[in-house]
Amino acid sequence: MFEATKSATDLVNLSGRFDASQVDKARAVFDGINETCTIDFKDLDYISSAGLGVLLKTQKRVSEKGHKLKLINLNKHINEIFKYAGFNTIFEIE
Amino acid sequence: MNMENTFKREINSLDKIFDFISEFSIQNNLDESTVFTINLIIEELFTNMVKYHISNPHKVFISLAKNEDVLTIVLIDYDVEPFDLTKVQEYDRHKPLEARTPGKLGIHFIKKMMDNIEYDYKDRQSKITLTKYLRNE
Numbered sequence: 001m002f003e004a005t006k007s008a009t010d011l012v013n014l015s016g017r018f019d020a021s022q023v024d025k026a027r028a029v030f031d032g033i034n035e036t037c038t039i040d041f042k043d044l045d046y047i048s049s050a051g052l053g054v055l056l057k058t059q060k061r062v063s064e065k066g067h068k069l070k071l072i073n074l075n076k077h078i079n080e081i082f083k084y085a086g087f088n089t090i091f092e093i094e
Numbered sequence: 095m096n097m098e099n100t101f102k103r104e105i106n107s108l109d110k111i112f113d114f115i116s117e118f119s120i121q122n123n124l125d126e127s128t129v130f131t132i133n134l135i136i137e138e139l140f141t142n143m144v145k146y147h148i149s150n151p152h153k154v155f156i157s158l159a160k161n162e163d164v165l166t167i168v169l170i171d172y173d174v175e176p177f178d179l180t181k182v183q184e185y186d187r188h189k190p191l192e193a194r195t196p197g198k199l200g201i202h203f204i205k206k207m208m209d210n211i212e213y214d215y216k217d218r219q220s221k222i223t224l225t226k227y228l229r230n231e
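If you're matching them up, the sequences are chains A and B in order. For what it's worth, this note's numbering labels the leading residue of the first sequence as 1, then goes sequentially. For what it's worth, this note's numbering labels the leading residue of the second sequence as 95, then goes sequentially.
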């Protein structure tokens, strides 16, 4: 079960499994991000290239306005995926 | 313990596929990292098959096998055009943000995470065989 919850204007919490079947649900939240925002991965178990695509599209859009996504609490598997994708160089990850 | 099944060609089949992988993983006592890898690899391949042959009525065949320390994943797609993932151009992970797209990312993951990839195409049937040596974990 995947959830993307905007708990504050600058904080989105992700949980569950962010696979290709959850892209529309994620877009409904990420398309509403228009300034610098923290994405908390604490309860996210899994992400595929479909999920990375949503993050990438949002990062590109907000960076055009001088903002960015800040990603926190990635588990070791997701962190590894970000490194394989080279996303560790285009996102701020804590 | 080996397992095989066929899955309807739609994105919503992913839940059933993940359940199938979970059952195989429990039966074979696979670690969390290996399960994550299998989920990711199969999702990337399956969603490509859905995306590029959306109107194809045939189900997609998936098999999982573990023999000692060798994990073998097979996907077979029926009545399709050829698509040899081993010949796909390398994903450039060093491009700046503005030049990035998610295209080829899934195949890049497969190449990074699996030890061997074979592609066979015959009689309009695509067969992808992936091998991972678990002792390297």
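Quick caveat, the hints were computed from the structure, so don't treat them as lab data. Even glycine gets a Cβ: it sits at the ideal position worked out from N, Cα and C. It is possible that some hints are incorrect.
Said to hold, decoys possible - Sample of chain B residues facing chain A (criterion: CB under 8 Å; computed from the structure):
no., residue
1, 137
2, 141
3, 187
4, 188
5, 192
6, 196
7, 200
8, 202
Outcome of the hint check:
1. 137: holds, 5 Å
2. 141: holds, 5 Å
3. 187: Check passed: Cβ of residue 187 of chain B comes within 3 Å of chain A, closer than 8 Å.
4. 188: Hint on residue 188 of chain B: holds, closest Cβ of chain A at ~6 Å, below 8 Å.
5. 192: Cβ of residue 192 of chain B sits 7 Å from chain A, so the hint holds.
6. 196: Since the shortest Cβ distance to chain A is 3 Å, the answer is holds.
7. 200: holds, 4 Å
8. 202: Since the shortest Cβ distance to chain A is 7 Å, the answer is holds.
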